[in-house]
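Engineer: Here is how the chains run, residue by residue.
There are 2 protein chains.
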Amino acid sequence: MTELENTLDEFPKLTLDQAFVLLEQQDYSQLQLLFEQALPGQLADILEAMPPKERKKLWDLVPEAQGAETLTFLNDEVRNSLVVEMPTENLVATAEQMDVNDLADMIEELPGHIRQSIEENLSDEIRECLETSLSFEEGTAGRLMSLDVITVRNDVTLEVVLRYLKLHKDLPDYTDGLMVIDREGFYQGKILLNKVLTHDQDTLVKDVMTQNQAILATTDERNVALFFEQSHFVSAAVVDENNLLLGRITMDDVIHILRAESDHALMGREGLNEEEDLFAPVISSTKRRTVWLGINLVTAFLAAWVIGLYADTLEKIVALAVLMPVVASMGGIAGSQTLTLTIRGLALDQITSGNRSWLVRKEIMIGFINGLLWALVVALIAWLWFQDAGISLIIGAAIVINLIAAAASGIAIPLILQRLNIDPALSGAVILTTVTDVVGFMSFLGLATYFLL
Amino acid sequence: MTELENTLDEFPKLTLDQAFVLLEQQDYSQLQLLFEQALPGQLADILEAMPPKERKKLWDLVPEAQGAETLTFLNDEVRNSLVVEMPTENLVATAEQMDVNDLADMIEELPGHIRQSIEENLSDEIRECLETSLSFEEGTAGRLMSLDVITVRNDVTLEVVLRYLKLHKDLPDYTDGLMVIDREGFYQGKILLNKVLTHDQDTLVKDVMTQNQAILATTDERNVALFFEQSHFVSAAVVDENNLLLGRITMDDVIHILRAESDHALMGREGLNEEEDLFAPVISSTKRRTVWLGINLVTAFLAAWVIGLYADTLEKIVALAVLMPVVASMGGIAGSQTLTLTIRGLALDQITSGNRSWLVRKEIMIGFINGLLWALVVALIAWLWFQDAGISLIIGAAIVINLIAAAASGIAIPLILQRLNIDPALSGAVILTTVTDVVGFMSFLGLATYFLL
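Residue numbers (the working numbering), protein chains in the order written: chain A, 1 to 453; chain B, 454 to 906.
Hint data in this document are derived by calculation from the structure and do not stem from the laboratory.
Given the structure is predicted, the values throughout are model-derived calculations rather than measurements.
Heads up, a few of these hints could be off.
Covered stretches of chain B (in silico footprint by chain A; criterion: 3 or more residues with CB under 8 Å from a CB of chain A, positions within the stretch not fixed) [stated by the list, open to error]:
#1 502–508
#2 580–593
#3 613–626
A partial selection of chain B residues facing chain A, derived with a Cβ cut-off under 8 Å [as the list claims (entries may be wrong)]:
#4 Gly-494
#5 Thr-651
#6 Asp-655
#7 Ser-684
#8 Ser-738
#9 Thr-743
#10 Val-771
#11 Leu-776
#12 Gly-798
#13 Leu-801
#14 Leu-833
#15 Ile-834
#16 Trp-836
Don't be surprised by glycine CBs; every beta carbon is placed ideally from N, CA and C.
The shape of chain A in the complex, shown without the other chains (with noise of 0.2 Å):
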């Protein structure tokens, strides 16, 4: 292997194709080689970037050594999948080589019988580490920690820790630095490996150890994330209401958080699921789409009521059948760009009592500039197309309505769901076309039903 040959350069797509057309050549021992050499975090993204037939192949070559990393990169469904099919010795093997914060996200998915031979056959020191990680939320900072820290007490020398360090051999993954606690196992600070390596041996840990923020263990996993984004730490220490240390949180959770989170607010808007498996069976894929798609029936005939209301009108002027879309569709562009910087805002927390007017005002206002500006173009376009005055104005006179109306149910609707604790991110898109739908088109068809005849 030339020195070139080592970078890195696009590798995850050389190696998914790689990985197709070994499979095609049925060269399962070449296979073996490069997954024995690959991250688990790749052979995930190639497991999950397979038909499920070819997954559960390449699966049953995934190295022993891997295969419980591996499964914790995996994202729920594709994980179930797999994990379902393993003789359960096996999987206990596997499951008490995972992090016990990877085992607790894995087990809560499992079908209960699953669980349960799992949970029975664990080690008892392993299952009182999973009960403890179990005992707190999903989605908090309890949930994520875990429980491989390595502490050192504050009124030690570093001589000490130096001796302690030298037994370890190997320190955990991330492990920027070492829990300082006292006698009684409270948290008092982090020292850091590079104060250990630059400073004189008979230095008191609690002379050099930084007083930084510890994480409560019941801390949302969004904060979390926030936290590390803005500090400088590759690890922190999880401590309880008293402050007792409980474990630690490594900056590679924080960016499965993003990732996740990312996943969700693009999917989540669409009903999707970003757990989903992309190589789902068609049934169960179909099922989960299937309910999307009768919540947007709902008020796909709730617009096409309204319509309805109008019939007599749009059968004496057809114009405006041809039109209206026009209208609807001007509303439903300019409110999402509303909602989507608003559910933004309320992600990153940058929306609040003292700012929310002046948004308010902001959107309104740029609502109103944009529906004079593009109703003019409209009311021109339909008064070339149709040479009829009254039915310019009015369409003119109806996107005006609907942009200021898009823009304040844009901002609007994702702060009313957070009040009501429902997640913006999924529900708030389909609202919001419902009312642009239905403002657009009332008030366009109103406005012809009172003035054109």
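Got chain A sorted already, so can you dock chain B onto it with the hints?
Structural biologist: Below, chain B without anything else, positioned relative to chain A:
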């Protein structure tokens, strides 16, 4: 301060609210005190959440020591608005405190004359580093990397390394190890700090270093992020094509990439720029959104034009005008689901020639099944509403056709756009909706014209 106050719980929201309260009370000394204790990332979040006037006031209260880093956390637009009003000497002093990669990002966005006056006044050393950084394209590893790398030679003992480290006292953030080079500066591997701590002092560096992958300076930042996600690195070396060590990338860069990617995916589909200031003045916000509304207007009129082709039919059967949005809307929703899954699969490099046809077949199958199912429901409702078997049959058929077209375009559009080097996250949704609108109206009204007139 009790121990409990030292822990983290929902701190960002609190501080933003506090900031607004203190601003209103004009308690600037308290604000300044609060700012001194805050992390630069927190300060940036607060500044971003301020209307322009309040933001300027607060920026003046940010302590000099935190100014440079706070700027690096701000989005381009907010940063620019603050920087252009800073006196040159302050600006140069701030620039010299920044990491050179952050400086490169900032300087590229600034108006020419400000950029020039900064560059002219930088120290020679920093200017040279800046030029190196700017010589790499935005979005590559070379641009991301920082140059603050501590290197050791592969043929020295750990004792030498330790002595060398003691000279440094404080290592740069995210230093989990030192980069190992040979006499000529070529990258050899990394020695983890914990190896330095836990091995005997007479061990040679080359015997305990890890030969892990380095990142080529030309690597795309998306692949850099994937690499960090899959590995367990806190920092990684960046090398040129000859394996010469150039710099290092750290895990916090990855968090920024992920955040930016996620914002881009979410905002791009609404024609919004992820670097946009939520509190930008009305006029500049309006301008940007106007463009997107204009693009959408073209597609809306395309749909209207299709409807216009069937004006005669609509005049005779007004029920068609009432029901037609249902067909278009169901197609739009189903298509968006497929589109979102495809775009995400492409972003994660999970779609390739090996699984593409499997995926196309799956999505079209889902479209067909969901089409049949909802065609029945819609046909039934249409029949109950209008008591016309012909209309019922035709709307059912149109829905099946549109849902299959939606699935096919949901997967084809992003694949084609990617081949054309157009970001599917930006224009995919507009194109898709155009297709589902046109197919929806055309199939419904076309079939009706053919069979019912």
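Engineer: Could you run down the list of hints and mark each one as holding or not?
Structural biologist: Status of each hint after checking the structure:
1. 502–508: holds (count 3)
2. 580–593: With 0 residues close enough to chain A, the hint is violated.
3. 613–626: holds (count 8)
4. Gly-494: Given a least distance of 3 Å, the restraint on B/Gly-494 holds.
5. Thr-651: holds, 5 Å
6. Asp-655: violated, 14 Å
7. Ser-684: holds, 5 Å
8. Ser-738: holds, 6 Å
9. Thr-743: Where the cut-off is 8 Å and the nearest Cβ of chain A is about 6 Å from B/Thr-743, the hint holds.
10. Val-771: This hint holds: B/Val-771 lies near chain A, its Cβ roughly 5 Å from the closest one there, short of 8 Å.
11. Leu-776: holds, 6 Å
12. Gly-798: holds, 5 Å
13. Leu-801: OK, holds: B/Leu-801 within 8 Å of chain A, min 7 Å.
14. Leu-833: violated, 12 Å
15. Ile-834: holds, 7 Å
16. Trp-836: Status violated, d = 13 Å.
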